[in-house]
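Undergrad: Full structure from sequences and hints, please.
Number of protein chains: 2
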Amino acid sequence: MTGHPKAAVCVLGTGLIGGSVLRAAAAAGYQAWGFNRSESGAQAARADGYDVVSDAEAALRRAAERDALIVVGVPMPALDTVLSDVKSFAPDCVLTDVVSVKAPVAAAVHRHELSAHFVGGHPMAGTSESGWAASSPDLFKNAVWALSVDAGVKADPWTRVARLALDCGSMVVPVLAEEHDRAVARISHLPHVLAEALAIEGAAGGKLALGLAAGSFRDGTRVAATAPDLVRAICEPNAAALLEVLDDTLRVLTAARDSLRDTDSLADLTRAGHDGRTDYEDTRPWAITGIRPGDHDWLAKLAEAGRRGGVLESLD
Amino acid sequence: MTGHPKAAVCVLGTGLIGGSVLRAAAAAGYQAWGFNRSESGAQAARADGYDVVSDAEAALRRAAERDALIVVGVPMPALDTVLSDVKSFAPDCVLTDVVSVKAPVAAAVHRHELSAHFVGGHPMAGTSESGWAASSPDLFKNAVWALSVDAGVKADPWTRVARLALDCGSMVVPVLAEEHDRAVARISHLPHVLAEALAIEGAAGGKLALGLAAGSFRDGTRVAATAPDLVRAICEPNAAALLEVLDDTLRVLTAARDSLRDTDSLADLTRAGHDGRTDYEDTRPWAITGIRPGDHDWLAKLAEAGRRGGVLESLD
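Chains as they are written, first to last, in this note's numbering: chain A, 1 to 316; chain B, 317 to 632.
Listing some non-contacts, in silico: residues in chain B with all C-beta distances to chain A over 10 Å:
id, residue
1, Arg427
2, Ala467
3, Trp614
4, Glu629
Which chain A residues face chain B? A few, computed with CB under 10 Å, are given here:
id, residue
5, Ser188
6, Ala195
7, Ala227
8, Leu250
9, Thr270
Keep in mind that the hints were calculated from the coordinates and are not lab data.
None of the values given here were measured: they were computed from a predicted structure.
The beta carbon of each residue, even a glycine, is placed where N, CA and C say it ideally should be.
TA: Below, the structure is given as structure tokens:
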């Protein structure tokens, strides 16, 4: 059944994101099963009627037998262990991941000699909750799902992974791993860092400040409710890109502080910030058409389209 | 009809906040009318059935005749003009305001020799929209409404303003002007500054970054959609308190940057940020009872209760 688009999906790690992939894939008609390292997590999934075990070898041998698409959904610190198991028990399966950062995952996949069938991925969705209990088959509906078009990616695996993302209800953004990592430093990792800082400053104001807090503080600190270890697992592997954007943020905030101190004015900050938010609100994805996986130069063409805000809404 | 709790309310400035006070007061059974400097704004309110004129003198002479409670709802830059009109046409009315920052408003009121019947106020509610069109009678439902208990505030005006806030559906937080201003620098003005910075950094990533942006960026930049002039009018008058908290934020972010650069770790930031957000989520107002306006030491007692997270839910 090689190549059959809805053959089978094996999800490794059934937390918020992996669990949601498992649910969404099953809802879309895939044969889907999973592995979760903690037996209690696996049990929770089984209690909801999903086929999840805490035995990686069993899940992966079945993946090898059925030519399943393997989806790695564990946080970065657990990646090496899981890839080592994939190498041992299902080295020829198509492999993707839903881990935040892309270049370090690709490097790990390379170290484990699993690059041949690998396509890195990152669905841009989440909540401040985590674990199977927070997972949902609708998490990826109308979201964007970044998919690597780096040199060496092959058309067949790419198509299979893209089809899963589309079947989960997402639009596919083709992107180079390094460009992805620099982009998410700005729109996913920096929001985490600033939310943590805002939560710290609010709490330093004591009960009076926290009691007066309204919508702007609530929304601005929402993602600070995420478990600290999970934030670290998301942000720290992207340190190089995050450091660059953090340095720039410190420059922007220092300039605003100096302007407020020296001229009583936040004019530049508020104008540029409003422009940035307006750009964001005006951002509309446009449908990439006419580039088929496997066509001449398809990887470079898709990368260029993604860079300009294009998305794949179908594979036809 | 002096002292009758629902006698009359005159709102000066019928934008988002003032307009919502007018709607909420009318819905609660007050005789309520308003003034708006722009005739088009006044007309919009009249089209919705509210009694709003663009003639300050007319609105204020009526306030003087009917012993109305005057609510100043104009942004800081328009404050002096409006207070000058109040001094000319209705100097003996009870006066409150719904402007963000409290010490500068109190100073302006003092300059206009209107302190005798003044009680500064600040309902902690808003949206990123502005103007009459965005106003709502429900904006203050279940919100907190800060009310000055500074030295010199008299019991009768205080009771009247507190009753209006309660009738708008809010809980009243008694607070000293300076403590209020330091608190809102942390939970209202800093969120604006950080949202602007985040919007700037996201937009600098171009279409790819903005196209990949999801919930954390959307929520983290929400208030950057506020008109720049309005953000400036809210934040700049609180420059002293905001500078203090901005300096501290720069220290926190610089420490996080250094830690990420030198040890690949965001452990301290994420732990402290999560603790802060948890403190916020665990914050529950408790009802102040047994302190009646006019009692011995009532101002100091209310200030101390507010400092510890207490709110007034009724005046009985």
